[in-house]
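Q: For reference, the chains in residue letters:
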Amino acid sequence: MITYEWLYLLAGAAFAVWAALSAKDGRWGNAAFWALLSASFLAGSHLSDLANGVLVLALVAIAGLGGLKRSDPPTTAPQERTAHAERLGNRLFLPALVVPLTAVAGTLLYNYTPLGETGLFEARRETLILFGIGVLAALVGAMAWLRPPLMAPAQEGRRLIDSIGWAAILPQMLAALGAVFALAGVGDIIGGVARGVIPEGSVFLTVVVFAAGMALFTMIMGNAFAAFPVMATAIGIPLLIQTYGGNPAVIGAVGMLAGFCGTLLTPMAANFNIVPAALLELKDQNAVIRQQIGTAVPLWVCNVLIIYVGAFLLWN
Amino acid sequence: MNYWPLAGIAIVVLGFALRFNPLLVVVSAALATGVLAGLDPLAVIAALGKAFNDNRYISVTWIILPVIGLLERYGLQQRARTVIEGMRGATMGKLLVAYLAFRQLASALGMKDIGGHAQAVRPLVAPMAEAAAVKTHGDLPEGARDEVKAMAAATDNVGLFFGEDIFFAIASILLIQGVFEAAGYPLTPLELSVWAIPTALAAFAIHAGRILAFDRRLGRAGR
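Protein chains in written order, with the working numbering: chain V, 1 to 316; chain C, 1001 to 1223.
The hints are simulated quantities; they were obtained by calculation from the structure and are not laboratory data. Just so you know, even glycine gets a beta-carbon here, dropped at the ideal spot from N, CA and C. Hints are not guaranteed to be accurate.
[Stated by the list, open to error] List of simulated lysine to aspartate or glutamate pairs, EDC-like, C-alpha gap at most 16 Å: (1) V:Lys24 x V:Asp72; (2) V:Lys283 x C:Asp1146; (3) V:Lys69 x V:Asp25; (4) V:Lys283 x C:Glu1142.
[Claimed, not checked] Selected chain V positions facing chain C (Cβ under 10 Å, derived; list incomplete): (5) Ser45; (6) Leu59; (7) Gly89; (8) Leu109; (9) Ala138; (10) Leu160; (11) Leu170; (12) Gln172; (13) Leu205; (14) Ala226; (15) Gln292; (16) Pro298; (17) Gly310; (18) Leu313.
[To be verified] FRET-style restraints, in silico, Cβ to Cβ: (19) C:Asp1040 x V:Leu97: 47 to 55 Å; (20) V:Trp28 x C:Pro1141: 51 to 59 Å; (21) C:Ile1197 x V:Tyr112: 35 to 43 Å; (22) C:Asn1021 x V:Ala20: 22 to 30 Å; (23) V:Arg290 x C:Thr1082: 26 to 34 Å.
Pulled out of the complex, with its shape left as it was, chain C reads as follows:
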């Protein structure tokens, strides 16, 4: 058996690890794989062109940007900040659990850019979480403050990753659809996205439990 086509996988791994432009890495891997499998170079370029063309629907999702951009022009991000600020007053645990739910729900409805590290975590969620923790547990050593802020950032990531795939018109869902369709298994985006729900619930349960446990642990350490 000819194992050389596997070099394409090695190119993907190395190329990403060495931080080359990912598009360059992917196309190099595709060309190398095809040629090493014994195909004519022009035939590989044609195959790549056909596959790119067949998968255009993945990039169709960007037509939503004028709507999101227009709403941002009228203060969508500022309104999201107000909603997040409304979570103030609670304990650090309750605040971060509420933010987790907000982030998951917004992402599941296609608003994955509400929130994020630069937009929400640094200016709002992290300082609010830190203030709430100090209010409940008294002054905290710097290490514990860093842990609280890191937990705020972690909560943003978990909420985004395990909410966004419930929205069907998102690149990851359509990428799955494209790969499976090329292999002869046509699926619809909704068939895929409903299967993101069990993991989303598990993510909420696990991460919310950990946030609340962290809040209790801070309380014990403070005394």
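Excised from the complex, chain V in its bound form:
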């Protein structure tokens, strides 16, 4: 049976290669960071919880001390890229499309044909495992088609992962924060407070408070990912799901999108809202946000309605 462990070996190998290439390049902070992450993937299942915790603290120490830098691995020049693009045309998009196609078509086949009875994949894990298979297929196909130097995918991957830097593990870290919040009973505390404030039994008002909390926390922090574990453990899970029996998938997915509406409204999300105003040399640094208000506000209302209808009216 193929499990997540197989994926972790694959990811661990990728991060190990990036660590080795970083070390060869003399970028020791990057090398240490990716090596620790590789160790987490390869050995995390066999380490004690405390050892994994120390590994997390080490990762954060490297990132917090500014140990990660962008890198500049060998790649093609812009003129070469333009020439390749003209020659290859829209076929360049095909390898990238192999990945979602493999995962979605594979998941449907696995769930709606007798294939699922083979028990090939760990239960409920088939989509992400098929994503891994799709990546391998796309990589092999692209290598056979384009015939780049053997190390090109590793070096190009390093260029991209180094440009993402520590942000690559922020979502994983935020999910861990959510788990610690749950352990410490944060949801119970806020759930108790919210139950006192929101009129008893008002599902719709609770949905409004949840979606508003997502948008507001996102505006304050500039990041919907950070708002999500807070609002999910505070209101989404204890009230909307446990008390009122809503559909978890809708509450999670659309709750996050309500947060994205907040991202459109805040200068704290500088990469999306302030940087482009500078890039475009606009007089008003909030000009992009001004153009987004008219979309974000009605869309937030849509998200409230989608949660209310999808998670409650259609579900019960």
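Add chain C to chain V, keeping to what the hints say.
A: For chain C alone, kept in the frame of chain V given last:
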């Protein structure tokens, strides 16, 4: 009741607002929350380690980078530029609506780095939108030109935000999965990502309508 664990939320909010390294903020918040809830510090570190380890699948998605990087080596971004340039000739409204659809579709298929402010909006979409607006409405005052360029940037953001979650192997979807699984609600990525579709359609309808209304408003102001 002990309300002290809520200090963790305050740390997250303050830490992000004060622009500390987000990883540092998140781990500090986790440690503070656990300790204030009365847990032993070593037990909190262990709990954090276990939760980080349990959520490794969120970061598995980066294995796609060698594929994307390889395609970029052979001109993926340049080809995307050609596609965007092919939208030329239309009015500003039609151009930006086409770009919105392109950005949403590409993101939904996992190609969220095709487009973006530095890669596409500044060199292509904003100047093309400005030129199209001038062509239709005649010379525009600088304020109106800035509005057109800002609308181009806004269109990129809306297309990305409300397209990317349809792709299941993306951090936000897997983060939702991780938080819900820790709370005892196991979900699959596809169960979550299909629920991004209604919002994606609403976003397209609302933003496309606003772009077209903006184009008409520029026309009236010009006369």
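Q: Work down the list of hints and note, for each, if the structure agrees.
A: Okay, the hints, checked on the actual structure:
For the hint linking lysine 24 (chain V) to aspartate 72 (chain V), the alpha-carbon distance of about 13 Å falls within 16 Å, and the restraint holds. With a CA separation close to 8 Å, the supplied pair lysine 283 (chain V) and aspartate 1146 (chain C) stays within the 16 Å bound. For the given pair, lysine 69 (chain V) sits about 12 Å from aspartate 25 (chain V) by alpha-carbon distance, which is consistent with the 16 Å threshold. With a C-alpha separation of about 10 Å, the suggested pair lysine 283 (chain V) and glutamate 1142 (chain C) falls inside the 16 Å cut-off, and the hint holds.
Using the Cβ-Cβ criterion of 10 Å, the hint placing serine 45 (chain V) at the interface with chain C is satisfied: the shortest such distance is roughly 7 Å. At a threshold of 10 Å, the smallest CB-CB gap from leucine 59 (chain V) to chain C is about 7 Å, leaving the interface hint in force. The beta carbon of glycine 89 (chain V) comes within 7 Å of a beta carbon in chain C, closer than 10 Å, and the hint placing it at the interface holds. Taking 10 Å as the C-beta cut-off, the interface hint given for leucine 109 (chain V) is violated, the closest approach to chain C being about 13 Å.
Proximity of alanine 138 (chain V) to chain C holds as hinted, the smallest CB-CB distance being about 5 Å (cut-off 10 Å). Interface restraint check: leucine 160 (chain V) against chain C, minimum CB-CB distance 4 Å, threshold 10 Å, status holds. Using the Cβ-Cβ criterion of 10 Å, the hint placing leucine 170 (chain V) at the interface with chain C is satisfied: the shortest such distance is roughly 6 Å. The criterion of a C-beta within 10 Å of any C-beta in chain C is met by glutamine 172 (chain V), whose closest approach is roughly 4 Å, and the hint holds.
With a least beta-carbon distance of about 21 Å to chain C, the hint placing leucine 205 (chain V) at the interface is violated under the 10 Å criterion. Below 10 Å, beta-carbon pairs count as interface contacts, and alanine 226 (chain V) has one with chain C at about 6 Å; its hint therefore holds. Interface hint status for glutamine 292 (chain V): upheld, as the beta-carbon distance to the closest one in chain C is roughly 5 Å, under 10 Å. Checking proline 298 (chain V) against chain C by beta carbon gives a least distance of about 5 Å; that is within 10 Å, so the hint holds.
The beta carbon of glycine 310 (chain V) comes within 7 Å of a beta carbon in chain C, closer than 10 Å, and the hint placing it at the interface holds. The restraint placing leucine 313 (chain V) at the interface with chain C is violated, with a minimum CB-CB distance near 13 Å, outside the 10 Å limit. At roughly 50 Å, the beta carbons of aspartate 1040 (chain C) and leucine 97 (chain V) sit within the given window of 47 to 55 Å. Between tryptophan 28 (chain V) and proline 1141 (chain C) the beta carbons are some 54 Å apart, a value that agrees with the proposed interval 51 to 59 Å.
For isoleucine 1197 (chain C) and tyrosine 112 (chain V), the hinted distance range of 35 to 43 Å is not satisfied, since their beta carbons lie about 19 Å from each other. About 25 Å separates the C-beta atoms of asparagine 1021 (chain C) and alanine 20 (chain V), a value consistent with the hinted range of 22 to 30 Å. For arginine 290 (chain V) paired with threonine 1082 (chain C), a C-beta distance near 31 Å keeps the hint of 26 to 34 Å intact.
The earlier numbered hints that this structure contradicts are 8, 13, 18 and 21.
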